[in-house]
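On the provided structure of chain A, position chains B and C as indicated by the hints.
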Amino acid sequence: MAKSTQLIDNEVFRAYATYAGIVLIKMMLMSLITAYFRITRKAFVNPEDTESFGKGENAKKYLRTDPDVERARRGHLNDLENIVPFVGIGLLYALSGPELSTALLHFRIFTGARILHTFAYLIPLPQPGRGLSWAVGYSVTFSMAYKVLKTAWLL
Amino acid sequence: MAKSTQLIDNEVFRAYATYAGIVLIKMMLMSLITAYFRITRKAFVNPEDTESFGKGENAKKYLRTDPDVERARRGHLNDLENIVPFVGIGLLYALSGPELSTALLHFRIFTGARILHTFAYLIPLPQPGRGLSWAVGYSVTFSMAYKVLKTAWLL
Amino acid sequence: MAKSTQLIDNEVFRAYATYAGIVLIKMMLMSLITAYFRITRKAFVNPEDTESFGKGENAKKYLRTDPDVERARRGHLNDLENIVPFVGIGLLYALSGPELSTALLHFRIFTGARILHTFAYLIPLPQPGRGLSWAVGYSVTFSMAYKVLKTAWLL
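Residue numbers (the working numbering), protein chains in the order written: chain A, 4 to 158; chain B, 4 to 158; chain C, 4 to 158.
Just chain A, same shape as in the assembly (with noise of 0.2 Å):
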């Protein structure tokens, strides 16, 4: 246990798992907002979710696409396509040894970022924002990434 006890006192592995742990669940919550809206919308796509509305065609109707879903569901892939890659490359960034305020400026950056652009899509609000929220998250995983590359490389 020793060993496990050392890498989560390292004070920029810690960093790494807060900022890691948080997107994760914000990320993890799209399924709940997906979920809030596929029943206030009615609009579901297994036909066994909607037996509890009756059977035929009373039932089948609900079986139908709604913008608010599609959002939500669009913000939820967005997130896997951005915060999965973070939570990997900032996994090998955390352990390239960088220095503790860099690494927090990083985290904090794209935290908010990826919180920005959850709100920019459901609200949704004008472009740019999504765009731009979008942007600046990408971007600080690629100065991740460069410096695991530039730390690590052997190919």
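Think of the hints as simulated: they come from the structure by calculation, not from any bench. Note that the coordinates shown come from a computational prediction; the quantities given were computed from them, not determined experimentally. Heads up, some of the hints might be wrong.
A pair counts as met if it fits within one copy or between any two copies, since identical chains are not told apart.
In silico BS3-like pairs for lysine-lysine, Cα to Cα no more than 30 Å straight-line [what the hints assert, rightly or not]:
{"id": "1", "residue 1": "150", "residue 2": "29"}
{"id": "2", "residue 1": "63", "residue 2": "150"}
{"id": "3", "residue 1": "150", "residue 2": "45"}
{"id": "4", "residue 1": "58", "residue 2": "153"}
{"id": "5", "residue 1": "45", "residue 2": "64"}
{"id": "6", "residue 1": "45", "residue 2": "63"}
Frame of chain A, contents of chains B and C only:
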């Protein structure tokens, strides 16, 4: 090499590696299930995939959606949305120094719930079978995230 | 900081960090390719993204699907389904104490196969080009998972 060997010698980490490996393999098997339904239902999405059925209109009719294919794809996407956060948060959790028995409890329940979820989706079982198995896995991941944030918190 | 430096000094871990960084960056580039096709083909999905083209019907006609956009999106989703398991299983594999030459062989073949897969999808190449490149990457990930489970197995 000494260090790696040490980390993999940690019992909690070994348990994590075992269960993360199992659920990631389970997730990857969804590709084979989708491919199986695409081939047996003759339902493709890329024109180049239907060329072996002939040219022109004869091949075009296989560019269509099929309920079984779409169901397998939804199950796969749901795995990405749930198993990927488990793998990320679970790694941090394994490094946060939990008791082996507590960690095993989390990993076993999550893995069981996600295997159930796949069967509930593909058969499909009547609700709330799929919903409950999803909620159990979701809750386990949150429980691990709570431990991670409590141990590592450095904002 | 000592520990992090040690992990990143391990040659197998450095190789893992290099190749995981490369394939994650490759996956992220799919966002730019999708954005490029959305803008050049004028095919958007969010109403707020078309407002710069004018209001009302004039903008609405750009809310449509385009074959090139959809193809890039499918390539991106396929990356999520295959590169994410590689990154997760590859980390555990790198920590399971493989020979450097064996590890490099796995990482190089996987990375080459996924880059080929992207070209095969986007050009597109006739089948079985895309299918084979997918199968090679898939098999490499299974081979690593086998080593992980053999080394770590603790159920």
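Tested hints:
1. 150 with 29: both (26 Å within a copy, 16 Å between copies)
2. 63 with 150: neither (53 Å within a copy, 43 Å between copies)
3. 150 with 45: neither (47 Å within a copy, 36 Å between copies)
4. 58 with 153: Cα proximity of residue 58 and residue 153: none, with 61 Å in one copy and 47 Å across.
5. 45 with 64: Cα proximity of residue 45 and residue 64: in one copy and across copies (9 Å, 27 Å).
6. 45 with 63: Cα proximity of residue 45 and residue 63: in one copy and across copies (11 Å, 25 Å).
When each numbered hint is compared with the structure, violations occur for hints 2, 3 and 4.
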